[in-house]
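Taking the hints into account, I'd like the entire structure generated from these sequences.
Protein chains in written order, with the working numbering: chain A, 15 to 340; chain B, 26 to 198; chain C, 1097 to 1522.
Derived by calculation from the structure, the hints in this document are not laboratory data.
Glycine residues also receive a C-beta, built at the ideal position from the N, C-alpha and C atoms.
Take these hints with a grain of salt, some might be off.
Claimed, not checked - Now the in silico label distances, taken between C-beta atoms and shown as ranges:
id : chain 1 : residue 1 : chain 2 : residue 2 : range
1  : A       : Pro78     : B       : Asp90     : 31 to 41 Å
2  : A       : His148    : C       : Gln1381   : 37 to 47 Å
3  : A       : Gly26     : C       : Thr1488   : 30 to 40 Å
4  : B       : Ala40     : A       : Gly26     : 47 to 57 Å
5  : C       : Glu1230   : A       : Asn103    : 31 to 41 Å
6  : A       : Pro236    : B       : His98     : 41 to 51 Å
7  : B       : His45     : A       : Ser300    : 55 to 65 Å
Stated by the list, open to error - Think about it this way: if two alpha-carbon atoms lie no more than 25 Å apart in a straight line, the pair counts; the simulated PhoX-like pairs of lysine-lysine are:
id : chain 1 : residue 1 : chain 2 : residue 2
8  : B       : Lys68     : B       : Lys177
9  : B       : Lys68     : A       : Lys38
10 : A       : Lys91     : B       : Lys102
11 : A       : Lys61     : B       : Lys102
12 : B       : Lys177    : B       : Lys102
13 : A       : Lys62     : B       : Lys102
14 : A       : Lys176    : B       : Lys102
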Amino acid sequence: MRYRDIQLDENGRLRHFLSIEGLKRQMLMDILDYAENFITVGGRSIKKVPLLRGHTVTNLFFEPSTRTRTTFELAAKRLSADVLNININTSATTKGESLLDMLRNLEAMHCDMFVVRHAQSGAAHFIARHVAPHIRVINAGDGSHAHPTQAMLDMFTIRRHKGEFADLRVAVVGDILHSRVARSQIHALTTLGVHEVRVIGPETLLPQRVEELGVHVYHHLPAGLEGVDVIIMLRLQRERMQGALIPSEREYFELYGLTEEKLAFAKPDVIVMHPGPINRGVEISSEVADGPRSVILEQVSNGIAIRMAIMSMIMGNRFGSEEEEQ
Amino acid sequence: MNDLPVDSLLQEMAAELQRHLHRSQISAPLMIGIHTGGVWVAKRLHRQMGLEEPLGTLNISFYRDDFSRIGVHPQVKPSRLPVTVEDRHIILVDDVLQTGRTVRAALNEIFDYGRPASVALAVLVDRPGRELPIQPTVAGIHLELEPHQQIKLEGPEPLRITLLESVRGAEPQ
Amino acid sequence: MKIRIHGGRLIDPASGLDEIGTLCVADGRIVAAGESPEPFTADREIDASGLVVCPGLVDLQARLREPGQEHKGTIESETAAAAAGGITTLCCPPDTDPVTDTPAVANLIQELARRAGNTRVLPIGAMTPGLRGEQICEMFILSQSGCVAFSNAERAIVNTEVLRRAMEYAATHDLTLFLRPQDPWLSANGCAHEGAVSTRLGLRGIPGFAETMEVARLLTLAEQTGARIHLGPLSTARAIQMIGRAQYDGLPVSASVSAHHLHLTELDINDFDSRAYLRPPLRTQRDREGLHRGLVRGVIGAICSDHQPHDIDAKLAPFAESEPGATAVETLLPLSLRLADHGVLSLSEVIAALTWRPARILGIPAGTLSPGAAADICIFNPERYWTVAPETLVSQGHNTPLMGWELKGRVTHTLLEGRLVYQLKG
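See the structure below:
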């Protein structure tokens, strides 16, 4: 009567991609390996492969996000899928019943995969639990819960620069409390077995008992950056001032903004990442964002390859056995 | 069945390919091997023919027409085409030609990289069972095999070909 | 109509009775408990061999959804479910639509309950009109119309001055206030206990101290005003400690807890199981142990169902967008009996927390098998297992985190004023 992990099928393969939590190390490594193939596809004159030809991918965005939607759209199109974009206005509160009605309608149109972005934590799980069995669901961000494809592209970027995960110290800086990206990154990093994950921020932006996710907590940026190989800066939402979580952007930048000066506390070959979009002068200075240690734009292009890999993997798993033919 | 004389077959293939290039007045061909066996064969031919351009490798898993039956393999090696294929004369190399589907997939992928001037096909073993109108330009050997018989290429060094009596009636590509 | 119930284990914590014996009922009242009076010719015999015979349960909080939300449940459907759960008296909070802030609504509820005839329903009147927390209700008139206590339901009275006046007024007229302590700011938009699970799932948390903050405010005002207050359903160990201290200091404060909170924790939310979305939220294992201790020490007087039936769509949404609450009247007894099975309380203590102790909190003469009392009787098989499933539930709502669970203890008969209002089939 307890829910089993609905993102895995009866053979333990990916059925949906909802959360990093619950996935084994080898599966994450497989995704990273498989994504390498799609990097080459991006360098060709025709950036398309026919893997998902004849399939329909629906981007169901209950929360506006041009960037994420665009990369998913591009990824699906490069796999030769047909893409349907549905943006649902969230100002009119979407009730559960109408959400399910909408899913039924899309199923009736023979969609094969839903890419879901929703402001509520657990929305992708909810949809995955209620779709017809042949439909696959990818979580493109649900509330403060998870953003697993973003975390995977970050892992991909880290691996391309650092190789092995085992010896790495990684710092995640900023608004952990509201960040679905941070939660997924923490799960991915701990699953891949990095040496240490640190979270750095004021107590107001750290969730209760965050250390139970397997991280070390720092409140002081220079101390937290000491000796790290990777720095992941999180976006600070402007509305956080209203919740009395921080006093001002100025003070936040003073304490937690990443500058050249603060960067010096990390290892010399540190890489700086950011899931975007960047608030220059709030969480990161322009000279760092555009500087030699920054891999922020690389993250964006890796995002397409990783999403192609995940989409084709879960669609491929929909079919019979993995028997290889000669 | 005894092992085939792979080395001498490769020598004959290299010579035959040189004649083909001469006839067609092609001076700088680009050789591309299909993963995995085709790459092994191509490496040998590439060396024997003394080609200057680096060897390209092709992984056709994204182009297989049986994706919807077998799904994906995360451990595939990516395709690597070191130079552009645009307007180039290409020698596509595979180990065994049977149904022609692998070659079809490889041609599709090559054309997604650009528009080549021509494509010649070299295979080590040509056997019956064609399902598409594809013929090799050069073949090391023609073997009259029954559908249940399978050929396995072992490599890369040394290259050996062995014959397997398949129990289940597989449909090799 | 004379009924003799024989062969059962009679348990009446109010009178200290716990023996195999016979219970005789005549004209809706209990005539004798233990030995049969001579001569007594029964019109009907109930063989209770192997069963427990106890007072009908008194549930301090059950929402019947009528008036206002009949698509979730009606007084008829939910009192039938309550009877199937052995409940003979229940209190319904005032957050009906319209709010129970006028005698008309209070009378309507009682009239509909009388017509259904399944369970005695005691409305709880609103403390403030529309539950808006701005003025105080006509509590005296409402009490004359059958309101047994007063409450602002889930809505905190933010204005402390209004709260103070409401307490003073209730004290003046010797009325009981039912208060559900939760600081409105600390709990705003929250849907799960603020802790490891809410952090993992990215759900907005409600910290434990959202409850204790409000308990502190209410206890301070109660001490000041002399009002008799009842706090519940509670969820934190710390709140129980604070209330225990206030009781020790002599404050007229009582407390209750829902059966769910005695068994489930935040972990039952699992991967966003909206059936485990309750209010107050399910908390930690330590809190659950604290609630058990509160029962053992007598700080918590009553276990209630906190019954909240829903239509199917209410739970078909992402966790935070679904509606909180569980259908609970039929699982109240078996869940509470687990406390006896697990050695937390004796069987008699469990029954006390479900019968005469809540009756005493309300100040009503119910929850006892003493001769002369109304013949509100619950007969149950303590060894019988049953599975919670849509077909085994009488309630219109099937929203329960216990769905699919096998529970031990099943009500076989319920008598309301000597009338058999429920009998288990099969």
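### Message
Run through the hints listed earlier and report the numbers of any the structure violates, in increasing order.
### Response
9
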